[in-house]
Each structure stands twice: as C-alpha cells, then as structure tokens.
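Each chain, written out:
2 protein chains.
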Amino acid sequence: MTRERLFLFDTTLRDGQQTSGVTFSIEDKIRIARALDALGVDYVEGGWPGANPTDSDFFQRAPGLSRATFTAFGMTKRVGRSAENDEVLAGVTNAATPAVCLVGKTHDYQVETALGVTLEENRDAIRDSVRHLGRLSREPLFDAEHFFDGYKANPDYALSCLEAAMEGGARWVVLCDTNGGTLPAEIGEIVSQVVKRIPGANLGIHTHDDTGMAVAGSLAAVDAGARQIQGTLNGLGERCGNANLTSLIPTLLLKKPYADAYEVGVKREDLPKLTRVSRMLDDILNRTPNRHAPYVGEAAFTHKAGLHASAILKDPSTYEHVPPEVVGNERVVPMSNQAGQSNLRQRLLEMGLQVEKGDPRLGRILEEVKAREDAGYAYDGAQASFELLARRELGLLPRFFDVERYRVMVEKRINARGDAITVSEAVVVCVVDGERIMSVSESRDLATDDDRGPVNALSRALAKDLGRYQGFIEDLRLVDFKVRITSGGTEAVTRVHIDSTDGQGRRWSTVGVSPNIVDASFQALLDAIQWKLIRDGAKGQGAGAAA
Amino acid sequence: MTRERLFLFDTTLRDGQQTSGVTFSIEDKIRIARALDALGVDYVEGGWPGANPTDSDFFQRAPGLSRATFTAFGMTKRVGRSAENDEVLAGVTNAATPAVCLVGKTHDYQVETALGVTLEENRDAIRDSVRHLGRLSREPLFDAEHFFDGYKANPDYALSCLEAAMEGGARWVVLCDTNGGTLPAEIGEIVSQVVKRIPGANLGIHTHDDTGMAVAGSLAAVDAGARQIQGTLNGLGERCGNANLTSLIPTLLLKKPYADAYEVGVKREDLPKLTRVSRMLDDILNRTPNRHAPYVGEAAFTHKAGLHASAILKDPSTYEHVPPEVVGNERVVPMSNQAGQSNLRQRLLEMGLQVEKGDPRLGRILEEVKAREDAGYAYDGAQASFELLARRELGLLPRFFDVERYRVMVEKRINARGDAITVSEAVVVCVVDGERIMSVSESRDLATDDDRGPVNALSRALAKDLGRYQGFIEDLRLVDFKVRITSGGTEAVTRVHIDSTDGQGRRWSTVGVSPNIVDASFQALLDAIQWKLIRDGAKGQGAGAAA
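Protein sequences appear in the order of chains A and L. Position 117 of the first sequence, counted from 1, bears residue number 117 in full-length UniProt numbering, the numbering being contiguous throughout. Position 143 of the second sequence, counted from 1, bears residue number 143 in full-length UniProt numbering, the numbering being contiguous throughout.
Derived by calculation from the structure, the hints in this document are not laboratory data. Careful, some of the hints might be misleading.
Beta-carbon label-pair distances, calculated as ranges [what the hints assert, rightly or not]:
1) L/Val479 with A/Pro53: 33 to 43 Å
2) L/Arg405 with A/Met438: 32 to 42 Å
3) A/Gln60 with L/Glu330: 20 to 30 Å
4) A/Asp315 with L/Gln346: 55 to 65 Å
5) A/Gln193 with L/Arg81: 54 to 64 Å
6) L/Val440 with A/Asn415: 42 to 52 Å
7) L/Glu474 with A/Gly418: 27 to 37 Å
Positions of the beta carbon are idealized from the N, C-alpha and C atoms, including for glycine.
Based on the provided sequences and hints, a complete structural model is requested.
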C-alpha cells in the first residue's frame, strides 16, 4: 500500500521564541536546528530575518542542514508599496533561505480594523508577496493567520485569501488557529469544507494549546485532508504553547491509522533520538523537563510500585501503550532494575568501560545513582560526573589530590576613588603527594574575566597550583554554569551544572548538589578537574582508587 | 432549549495519587475534597478504603461535602467468595460513602492471564459486586478497566461485562482507556458502537494523557454519548496523567457545542475559582505550577511584547480565546524592549500608577528597560523589579535605606569532631535615617534552613535589623531562586530571579544582574524588600525619591 507523504514543519525557533522569557542565542538556534534536521523534520523555520539582530545574524550563519528545508518567516508586503520595494519583506528574502513562510490576515474584521486596508488590497498583497517569493526561486508558504475565526465570520473572504496565495504560487497554505480557541471537531469540519471548496490546495495546520487540544486539533486536520503540521519541540510557544511535535511525531509513526496511511520525514530508526532532543531543548532553556510529557517525559513510563508495577513485568502493554525504547525513553519500575542494567552497560561501553553482564558492581552503580538522584543530583546533563561515579564503584577512579579546606569571600564596598566595587577572593588548600598546597585567587568586577564571582575565584584558586597535575589543567576553562533549586529528599537543595572546555576542543558537564550554592559549585568544579585528569591520562597517587 | 446533564467525576485523590512521588496527607485530602465540592464537581473519589492507613482514616473523617457525592474506590469481589464475604470489598463498603466505584476487568486476555479465572466467573463477579452495593444502598459505579483494548480484542465479551454491571444495577458504567493509547477518533467510534449495542447505558469516560489527548478523548466520548467524565485537577496521575478537569471544565462551560448542549455541576459563577483551585493543588504538592497550563497557567494569557501585545490592547480576542477573568486568571503584557507606550501605560495602571498619555517619563521608562535588558536583565518574570524601575523614573520610589557595604564568606573545613562543615557568614552595613546599622548572620549546613548558602545568609543579615522598617519585613520569605548565565552587552553576566512571599499571601519576583552571582542575588533581594515596603505603605526617608 502506498502511503501518502505528510510533512512536518518546526517553528520552535520562531513561534517557540514567542514564549515569554525565551530568547535563543545564535548558538542555541544552531544546535536546535541541527537536532531537528537529524531527527528528520521537513522544514525548520529559523526566525524572522530583519526583526531583531539575533535572527538576522543566525540566517547569515546558516546552520547547514542536510535534510530539512531551512525556512525564513516574515509578513506579507504592506499595502501601498510593491513587494520589490517593501524593505521588511526584503529583509526576509535577503536571508536567502530555500523556503519562506509569509503570514497574512484572512479574517475580514482583522483586515479592516487592525490593518486598516480594504479586503481586496489585503488579498492582492497576499498574492503579490507570494508571487515575489516564487520569482526569487524560493519555495513559498502562506500562513493564514486567524483563519478559523475568519472562516467562521466570513468564509468566502477567508477562502479567497487562500486562493490568492495559491494564485501567487504558494506551495502550502497553512490554516492557523491563532488564538487557540477552535476545538478539534470544528477544525476537522472546517478543513473538510476547505478541501471541498478548494480542491487541490496543499493544506497545512497550525494550532495552539489553549484548550489542551493542539495535538488533537492537528490530527483532526490531517484526518480532514491537511498534509503539513506546524508545531514546536516540547510544545514551546506563547501562552499555552503550540502543537507539540514531540507528542505528534511518535503518534504519527506508531499509531493507526497514521502509521499505515502516511509517510513522514522522521523515520522509525530516528525516533529513539526524540527523548534526547526534547531534553536538549529544556537544557538550553534551563527549564526542568516536564516529567509527565507524553512519550519523552521522565515519568511517561514510570509505574508506581504496587499492582501496576508487577503487572507491567508480566505484560508491558497493560500500562504502556508503546514500548519506551522506541522513543528513546526508559521504563522505570521501582521494584526492578533489570532494564537498568543493560542500559547501564551500554552507557559504560560508550565511555570505554567494558563490564561483564551480571557483574554485581552494575547493581551498586544503579543504587548509587538512585540514591544520589533522590538527593537532588541529575546525571542526564552531567555525563562526566556520571562517569566518575561509575568509575568510583568500579574501582577505576584514581586518587589525584585531596582538598583540605576552602574559603571564598565576596565583598562589595566603596573604594578609595568612591566607586562601588565587588571583589571575590578564594583560598583553597589541597594535598598532593602528601604536600599541602595553599592557593589564593581573586576576581574583581573591574577585571575582564567572563565570570567574576565566587565560583570563578574558586576555580582559579584550584587551578593555580595543583602540583604535578598543573600541566594537565592549564587549558581548562569554565564555559557555562547553571543553577536550579530542586528537592533533595525532603529539603530544598541547589543543583549546579558546570560545562568546561579544554584546548583540545572537548566539552564536558559536571554536577554538584548542596544546600549551599558555593559548595555545590565546588563539587562540580572538582569533578570537572578529575574528569580532565582521567582523559589526559594523569597518574593517581599510589596505585589505589579513591574511596 | 433543555440542556442535558453532564457529570464530572474527580479522581485526583485516588488515581491522581498514583503519580510517582505523590502522597496526600489526610489534611491535604480534606482541603482538596472541599475545594472540588465548592467548585461544583459531581463526584469526589476519595481513595481506596482499606488499601492504606491514610485512605482508611480519611474516610473515617469524611470531609463533609455539601454538593458533591463522596465516593469510595475499590475492586470487584474475588472469584471464589461471595460479595458479602470478600473482606477487601467490605473494607470499601465500610467507609459508608453514598457512592462506590468498583473497577473490574473487561479485556478477555487480562481476565484469563492476570486474574486466572474464566470469562464467566469474572462477569459474575462484576454483577454480584455491583448488586451488593445496591443492597447496601450505595450508588454503584463500575469502572471497566482496559475497556478499549478489551473491546478491540473481543467486543462481545467486553460489552457483556458492561451488561453484567448494569444487570447488577450500576448507575454508571465507565469506559477506561487504562494505558492511554487509544486516540480520540477511535474512542468516539467505540463509544458510538457501545451506545448502539447497549441503548440506555449511562456511560462514563476515563482517559489518560499518554498521547497528549486525554482531554480530546473525553470530549470525543461525550460527542458519541458518554455523560460522565472522570479526570483529575491539573491532570495529575500516573505516567502522563489523567484527563485534566482543569482544562475540561472551562471548555464545557464556555465553548460550543458543549456550553449550549449540556448542563454541568460547575456553574459559570463558580468558574473564577478554577485558577485558585489549580494553584492550591500545586501548593499542596510543593510543585511549580505549569506556567503554560490551558486556562489557569500563569502564561495562559501572557502576551510577549511586540505585534501581539499591541494587538491585544485593541482587540483581546485576537490572541485570547476566552477572557482570562472568567476562569479567575489574568492577562499579563510583560515589558520588553519591543513594548510600546500604550502597553506600558496599561501595565502601570495595573500597578495602580496612572500616567497620562504622552507623558515624557513613559519614554524614559522604556529607554531604561531597553538599556537594562541589553545589560542582561529580564523583566518578563520580574514584575516587582519592573515596578521599582518605573517608580524610580516617575519619582515615586521612596528612599528607604542605603547599603554601605556587605561581605559574605563561605568556608568549608573539617570541624573539631572531624566532620566536613560548610558555613556561610554575611555582614551588611545599612544606613537608615543617618544611622549606621551593622548586622551579621550565618547559615550552616547543620542548620535546618531551606537554603543554607551565602544568599540566605545575606538575606537574613539584611532582614535582621532595618531599624524602623523592621516590622514590615519580618514576614518576608525567599521561596525560589533561579540563576542563569546570560549575556550583558558583550560579556557573560549572571542573572538571578528571586521569588518572595509574605504573611499576607503575596508572591512577587525580582531580578538582579551582575558578573558576580552574589552581587546579582543581593540586588534582587534589595528589590524584594523595597517592593514589600511600598506595598505595606512604609514611609521613606525625608520626602525625596531615591536617585
């Protein structure tokens, strides 16, 4: 049976950025675009070139996608000037992307009151703008803003706007439920009517989650004939978010009737990447991932101990509608760590640590991870700390040095010239090969360091003199630092993630947890140094492993 | 037009408690049950009496509901004993609730493999158990576990189980999609078939959110003839959660066709309680509320500055499908460097600051916001700091006190007993009414404070003695603390958001930015105190405003 092609259009970098508090850096955008490309999404909308400096720069440094069509977003030309002479539109086309998606109004009321132009002028603007894209050899897409409200108010006008876009050569006309208020059944009904009245249109659907049904609304549109779905990773987006591609993708690939009827750019073999991609986005946004997210949430396959947990071992389908591994997630059954051990061996292997099946140390590592996670640690984003933990249990962690004590001070005061200055000073006392080494370092707000706080002062005091290890750590740099308040047992604790790099281009992440932010940072710093010493083959003190 | 009655059945206290990590105390259950009752939910399922001591005690201390039917949950009797002699069932009926909901299997495979009984024995157990409830004058409900999977495998058997429950006198038979894998269209189709084959059945629907469509699945069942919806507040529940009543209720009351077709126990005038009830549950669970939750999320009516924010002021329906106040929520138009003067005036008005159109101070406030956002500040999530900024420009910020200097120290060392201890000590020197006040405070990791780091020490040193302002700040608590490394101009800076509360139940957010995390935290702390002093009407020093 031939399956029809269904296209996925990701707008995490554009509509997702409309979320209050969300601002992506260029590096963030590049990472996300590449992950979407690797996943198999068909279109990656990067932003609105010309609307702000970051978006403009991002398009200049095009992320180099291999499968996905890189797409710029913009608005149809203004009435009263030609498409060629509209500098806002020029800003968009200058980005030179293979595809351009232009939004335009299709709700008569909006056209007349918000734009203040005639219905005909608006329709002409849509047609001319889309045609202009074609002349520049761009694949043109048209986002019909407020389409469902417009259709309910004046179906003929709303449809005529779609037709104008098609006359202009639009490859896709996308029906947007901009305020998120249309329920799935009504979306399905209206899409059916559009299909009937404009046969041959390539329809897309763009929904928002204001009633908690953006995913269902997208599927209702597909059922009625839409063949492109616009959405975002993790449902990121203004207000309640956009249609969640992270939920839609597995449903389309794994569930009837979609799996049988449609071919999607994302392949079954790409699907296990999904959980990682979802977590990466939260990591970039420094958000706690939604534990209960469909398919990819940490709790999506977690079974509370008791009846369910024992039933799940006999027959997983009782409480799991799909196997967790197909989306790259894991089952968590508090009673058993059977599944845990084989995952763990795989992870250790990726770090170059080969451990035999059934080795009792595997169970001890899992127990230690669980105990630490209960205490607030999170190893998902801290592979280097995880490796150190595993090495400790395996007896493969050399003892390099001990820290006897440290002290860090931050002071703000008025200096002799009358300026308010802040100074951080750190003292660290280490013991290497039986020798005490005392180092002091300061960080001042008149200095040019990236981070001029207590953690940087500590990091520099630590790195200042580590005796015979000094040579190994001279190129180590602290490049990112994230802090979250979380719960450790019954208490609130501070979790610090630190990213480090070295002169060989490695980048690694470590974690520390403590009720005290400085102490948590110090743990993560120590882990960062130890991981680097291991990678560079530094020899420990004596032959033994650390306790 | 007569509207048909649609019933809401809440299982937050039973199925919601299946969430890993969730355990309600008796007091929690009483608070939640009463809130559900006040909201107008028809059934409140309190738990499984006999299954654990808390549930048993909770039923003994029945919460005294005025409108809702208090319901106990249990399992149909075991095969091989009579309903009268099943002590598990007796545990349930002893709770003496007006209604009892019993779960039973309807999937032939489950009956034969998991229960290990014949299909007929299982069906008889359902009939007898339900009949037993009726004899005890309880309203009997039957939850058909795995119904949709059972129906797909063996429709005749699954239906015969429903019929057995009805023969026993079940007031409701509830179709459960236990593993959450059935899509809304299929739920609708199967419910239609059940309606056709068992006319006169009172059908309920119980869905899970494993594909992100529990709400849509519930509505599909209603469209097909179900007249009871089972769900939980905030969609609490195992794995991805249950159908979210907090999303369903406003849709049923506010949206066509439901609002016209059905009468629900929750009335329009009860609906503004919804946001508060939702936040109360998170508060009890000590969870951060989902900002993006439909209707009740903090961001559900938040409009990022720019095109949308100005459109919303002209016509709210452009980006709001319902008015926020009908669900007890509010519109937020956050400040940002794209915001215009009209947004700003609106925002100031909400803070009680009336400024005339065209006032030149409006432009100065926007410039200051822009300059600070460029330096790394983010006012989206820090309304209190934004208010202080605006007041400063408007000359409406009293000068309460000055900070001359502070110093904070963190030390980790081995104490006399050989334990590693971490101590934070802070010294703050303030000037109030010309008088220097020096305060010192410490935070130790053996103490019981929530946060035992330098920020807490600083906060406590600041709060220790503020002279005549002391009375105003005694009930101030630091409740959340978020840190992000961001870029300020060309350099990396640390941005700290702090949430504070006071004894009057206020919660407010402030922001600080500095290359030094301690300094950024200190700024946010100072803002938190100043905002509180303003709200409580504290008088500044002299008459002037601070520079």
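Results for each hint:
Taken as a hint, the range 33 to 43 Å holds for the pair L/Val479 and A/Pro53, whose Cβ atoms sit roughly 36 Å apart. At roughly 27 Å, the beta carbons of L/Arg405 and A/Met438 sit outside the given window of 32 to 42 Å. Between A/Gln60 and L/Glu330, the C-beta spacing of about 40 Å breaks the proposed range 20 to 30 Å. For A/Asp315 paired with L/Gln346, a C-beta distance near 57 Å keeps the hint of 55 to 65 Å intact.
For A/Gln193 paired with L/Arg81, a C-beta distance near 59 Å keeps the hint of 54 to 64 Å intact. For the pair L/Val440 and A/Asn415, the supplied restraint of 42 to 52 Å is violated, since their beta-carbon distance comes to about 22 Å. For L/Glu474 and A/Gly418, the Cβ-Cβ distance of about 34 Å falls inside the hinted range of 27 to 37 Å, so the restraint holds.
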